[in-house]
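Undergrad: Sequence:
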Amino acid sequence: MSIRIGRFASAFVVALLFVLVGKSEGKLSLESNIGIWLLDEGVGDVAKDSSPNKYDGEIKGAKWVKGKFGHALEFKKTNTVTIPLGKGSMRNKASVIMWIQFTDLGGQQNYFSV
Numbered sequence: 000m001s002i003r004i005g006r007f008a009s010a011f012v013v014a015l016l017f018v019l020v021g022k023s024e025g026k027l028s029l030e031s032n033i034g035i036w037l038l039d040e041g042v043g044d045v046a047k048d049s050s051p052n053k054y055d056g057e058i059k060g061a062k063w064v065k066g067k068f069g070h071a072l073e074f075k076k077t078n079t080v081t082i083p084l085g086k087g088s089m090r091n092k093a094s095v096i097m098w099i100q101f102t103d104l105g106g107q108q109n110y111f112s113v
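Per numbering that gives the first Met the number 0, the sequence shown starts with residue 0, numbered consecutively.
These aren't lab readings, by the way, just hints derived from the structure by calculation.
All values reported here derive from a predicted model rather than from experimental measurement.
Don't take each hint at face value.
Stated by the list, open to error - Here are the computed lysine-lysine pairs in the DSS-like style, where the Cα-Cα straight-line distance is at most 27 Å:
(1) K67 with K53
(2) K75 with K65
(3) K59 with K75
(4) K59 with K86
(5) K47 with K62
(6) K47 with K59
(7) K76 with K47
(8) K76 with K65
Go ahead and model the full structure; you've got the sequences and the hints to work with.
TA: Listed below in structure tokens is the structure:
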């Protein structure tokens, strides 16, 4: 009896893994993005937009540092990147993807605003 339960449990777990680890995909193309800011220029006060729209941003106060892959920006409390978007560029839905390494979690944290 215990062998059957063990085999059944193993088969159930394997079947569940196939369901949970199924293939998922999404569409991401340069043309479908409002903007792509890699923030890896390493110098200057311009955040270059890699998308065809060229909505370059202005870096205010943030410092260039060595990142995991090339350069990165280090932000303190009042540092920002301001990106003036074209009229109608932000519709009623948007997705934002950011890679952040936290060094201080104290106080209020605002990472994105429109």
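Undergrad: Give me the numbers of the hints this structure contradicts, sorted from smallest to largest.
TA: none
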